[in-house]
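Novice: Work the whole structure out from these sequences, hints included.
Here the protein sequences come in this chain order: A and B.
In terms of this note's numbering, the first sequence opens at residue 1 and continues consecutively.
In terms of this note's numbering, the second sequence opens at residue 1001 and continues consecutively.
Hints in this document: simulated from the structure, not taken from any laboratory.
Heads up, a few of these hints could be off.
Derived DSBU-like pairs (lysine-lysine); straight-line CA-CA distance at most 35 Å [what the hints assert, rightly or not]:
#1 K203/A with K1258/B
#2 K1223/B with K20/A
#3 K209/A with K163/A
#4 K20/A with K1124/B
#5 K1223/B with K203/A
#6 K209/A with K1081/B
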Amino acid sequence: MLRRWSYIFDEALRTVSRHKGLTSISVIIMSLSLLMLAVFLLATDNLLKLVGEAQSEMKLYVYLADGTGQSATEQLHAQILGQHEVESVTFVSREEALADFRQQLGDDAEMLSALRTNPLPNSFWVRPKPEFKTRDSMVVLAERIQAMRGVEEVRYGKEFLDKFASIVRGIYAVDIVVGFIVILSAVFIIANAVRLTVISRRKTIEILKLVGATNPFIVAPFIIEGAFQGGVAAVLSLLLLRLITEISRNAIPDLSFFSVEKSLVYMATCVAIGSIGSFMALRRYLQMR
Amino acid sequence: MSEAPREDRSVIGVYHLVKTYREQNALDDVNFSVANGEFVFLVGPSGAGKSTLLRMIYMDEYPTSGQVVVGSFVSTRMKRKDIPFLRRRVGIVFQDYKLLDDRNVFDNVAVGMRIVGASPFAIKHRVTSLLNEVGLYHKRFENPEVLSGGERQRVAIARALVNHPVILLADEPTGNLDPDSAEDILRLLFKINSGGTAVLMATHDHSFVQNFGQRIIHLRDGKIFEDRTTGLVGNLSDRLEAVRLDRERHRRVERELKRQRAHTLAPTRTHE
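Specialist: Right under this line is the structure:
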């Protein structure tokens, strides 16, 4: 068993070292097409992060009617917190609201000095659970809270949410179409690069068949070679992408790179594409007897 | 075709073999068998079906009808996954050697053992002994690309023998070689045969093989035209000498014919 594996690795190594030029060209072609894929994936990754951040900011502002007493307020607090969508409820008194507003205005706070009474009502900031931070459940929750006694108004930026949802939908649609094209062309280019390697070795395949090698024995070195090429190309494309990211940070400071986990998944996928590409390219030669 | 007649001690049996390409018979009702340890020449002009017949034997192709039996392998009952195991029992040698340029002579011979998972010790032992037998042990670290045609063919023969095949198939093994190297290869094949391995050698060169006292199957237009055992004339060296003499006579006759043709085409000039 061990001997067979050592033979298989021997063969894979022999091809790589014997066909250095072809292997390098093949790896470079693969890296560049993978880079295209990686740029796309990173853009999507950042986009999703952005959408996620925007969504986490979603909350409802519940303004209380004037004259709602302390106990009624506490009751309302409990009632809102009792809704299954709600994660937390924060009470913001009218004084706090004004102080907060003053702070936000900064230098322009002088305009508030003309106020004789505080026009801001008491309010609750309601933060829904993450899974309910969608437009539709926000609408349902807002309607339910609106109907409660002592609630004057519920605001949650419905117009913004509507726009946001349709923008996100549009971005996703474009992303999926572009992604489909990019992935398809990357796989196609890689499969062809690997095919070149296989074609350069068709004489070897023929001879191995003549001396009685079984198909797994013929295939295994190519799979390893394809995996190797895919892995090296993945690392190269990630390094290039890293470079591009660093340069782009001048223009987009918030641009983030793949997490370690995502990088690993990406590399594993490239290794798989390389070995599957090898196998596909080999198939027609294996049909021979 | 239900059950092939099994003859004892035969390593190859070919029964009513027909192979058709585009409605043309490349082989037409061919019957013969090769006994264990026998040496057989398969002769015939190019296109007579020699290579096709050999391909049927190592089952690169299956017959249109009829049956080929090699050891315990029967063409009508072969599955694709059985083919590698047949190939390990049959050594194959080609006119163009089919050596691997990405490894040295030793590794070229060893590859047949590596793929069956033989131990490094067994490989070293067997390959060393074979390379000694074909006289190329001193070139074991050379790449086949730097060897002469005759040397390459000897490497190919060593590779074909590495797993102790029951028969060695040789398709025009001397086709690319000069007369001296061809003679060496033939001697080597006789030597291997004397060690007990059956040999089936295809060649178009009828005059080359006539005088060795071996069985000759003469193929013409896909049919066996003649299957006979030639008489022995003297010892092996005498016979090879006879081949050389024969060649020399052929050459002289051809030269004379050419001269005469030139003579008749340009008679005026010779009269001057």
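Novice: It remains to establish, for every hint, whether it holds in the given structure.
Specialist: So, going through the hints one by one against the coordinates:
| no. | hint | verdict |
| --- | --- | --- |
| 1 | K203/A with K1258/B | violated (42 Å) |
| 2 | K1223/B with K20/A | violated (50 Å) |
| 3 | K209/A with K163/A | violated (64 Å) |
| 4 | K20/A with K1124/B | holds (29 Å) |
| 5 | K1223/B with K203/A | holds (32 Å) |
| 6 | K209/A with K1081/B | holds (11 Å) |
Checked against the numbered hints listed earlier, the structure breaks hints 1, 2 and 3; every other hint is satisfied.
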